[in-house]
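K.L.:
If you want the building blocks of each chain, they are given just below.
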Amino acid sequence: MSLISTSRVKSPWLIHFDCGSCNGCDIEVLACLTPVYDIERFGIINVGNPKHADILVVTGTVNHRNKKALKNIYDQMPEPKVVVAIGACGTSGGVFREAYNVVGGVDQVIPVDAYVSGCAPKPEAIIDGVVIALGKLAEKGKKVDQGIFERLEKTQEAIKAR
Amino acid sequence: MAKTVLPFGPQHPVLPEPLHLTLTIEDEIVKEAIPKLGYVHRGLEKLAEIRDHNQMIYIVERVCGICSCLHALCYCQGIESLMGLEVPSRAKYLRTIWSEMHRIHSHLLWLGLFADAFGFESLFMQFWRIRERVMDLQEETAGNRVILSVNQVGGVRRDISAESAQWILDTLKTVEKETLQLKSTILDDYTVKLRTVGKGVLTKEKAYELGAAGPTLRASGIAQDMRQTGYAAYSELDFAPVVETDGDCYARTTVRFNEIFQAIDLIRQAFSKLPEGELAVKPKGLPTGEVVSRVEQPRGECLYYIRGAGKKFLERVRIRTPTFANIPPLLDMLPGCDLADVPVLILTIDPCISCTER
Ligand code: SF4
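Chains A and B, in that order, are what the protein sequence lines are.
For what it's worth, our numbering labels the leading residue of the first sequence as 88, then goes sequentially.
For what it's worth, our numbering labels the leading residue of the second sequence as 265, then goes sequentially.
Note that these hints are calculated values from the structure, not bench results.
Hints are supplied without guarantee of correctness; some may be wrong.
Unchecked claim - Derived lysine-lysine pairs resembling PhoX-like cross-links, with alpha carbons at most 20 Å apart:
hint, chain 1, residue 1, chain 2, residue 2
1, A, Lys154, B, Lys575
2, B, Lys310, B, Lys575
3, A, Lys155, B, Lys300
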């Protein structure tokens, strides 16, 4: 089990979902992957499938159309998982919060673990946010792992009792 | 074989933005494509009712983070003509310089994403590495990497000092050299050509009929560039639209690739002619009347319709962006193509969904 909990934090996979962002934050998230910032040195890989991902990076405000898509992607991710909300839009709705189609920040729809402020935040800030989220991922992972051992013991006892 | 209906998006690895296409395919050949939009719609135009015309600058900048400076420029030009302001010529030149910086970074970004769309990841990294230099220029001159916020009604908010100018010109030399080094990889490579040459052909007639804009239009052989209308300082600079005639993905790549060098050249010309003087005039009065303002964004023509009634709040702001114009041509290209080419074809119009849906 310790192998899994180590690799979960040392090699987390990340999925990026754009939810009504202006692109400013998206290109900064992508810039994190490129040689100058190189988020891969933390073992982070950008994947396209939510079922493979540990970290959900959300940019932009949630609106009435994409809130279902966002919830869907979040639900598809396996536990443990963490969410990072990027930019003023992701945290609160930013300049768009009074627009008629905007629900608000990402936390209106799914629980958020780390907020990155700025419009648009610099890639350094985004990396910082992801690293903070990694700490939470480790904690959540421990709980999940403990649960697994307890359940495993219970099953074994049940088998023995039979 | 029977028809299969395949949903493409809204969350797709090749698309940085949510776009949904319902593809009807038969034997891996696309028969029909129906777009579904609205995932990024925020309702920005309506915000004009609760934000006054100065605050609106910051809203329109956030229509799109890739060409933020040009949205603000287009909007400010509209308000200036409603108020009858004459912008100082130094401000006009500075606006040109920032616009062209945006064009360079946007085209490098696109070339990278395009390379990634057909699976050439190292080329993606190379283009984005060069792009970081341009981002540094923007951060140095405007204080922010993507949302520049340099335009204001009546002029610009920041100046570029002579030292910065020298540094910018030096950096651009490096950018030019490094981009040229990649030319043989993106334009002459055998495998890249297999994915681009002859794919998604848009004929000249079709491009005109469907109202394509920007590089998509120019790659089909129509020399139309809004910069020719001579807004900002373009009337005093020497340039000609970059045109290709084949109308396929390769031609569109070539147009964008060559426009990087055109933009570098325009920045050099602008610095060599940069006049001294004021940065902005003080706006007087309130916007009255209606106006249509146009600029050439990296993706094509952007149009703002603004109506004011002599109040602080505008009556109507209507934004028509280049990707909106380029979606009908895309739907014309898709039927008949291979399913594997769909991501390449979508990227070839350089879609900016947040612009389109606002
Ligand atoms: S926080 Fe700013 S840059 Fe990011 S999506 Fe919102 S408006 Fe765009």
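K.L.:
Compare the structure with each hint and give your call.
P.N.:
Results of checking the hints against the structure:
no.	hint	in the structure
1	A:Lys154 / B:Lys575	violated, 36 Å
2	B:Lys310 / B:Lys575	holds, 16 Å
3	A:Lys155 / B:Lys300	holds, 15 Å
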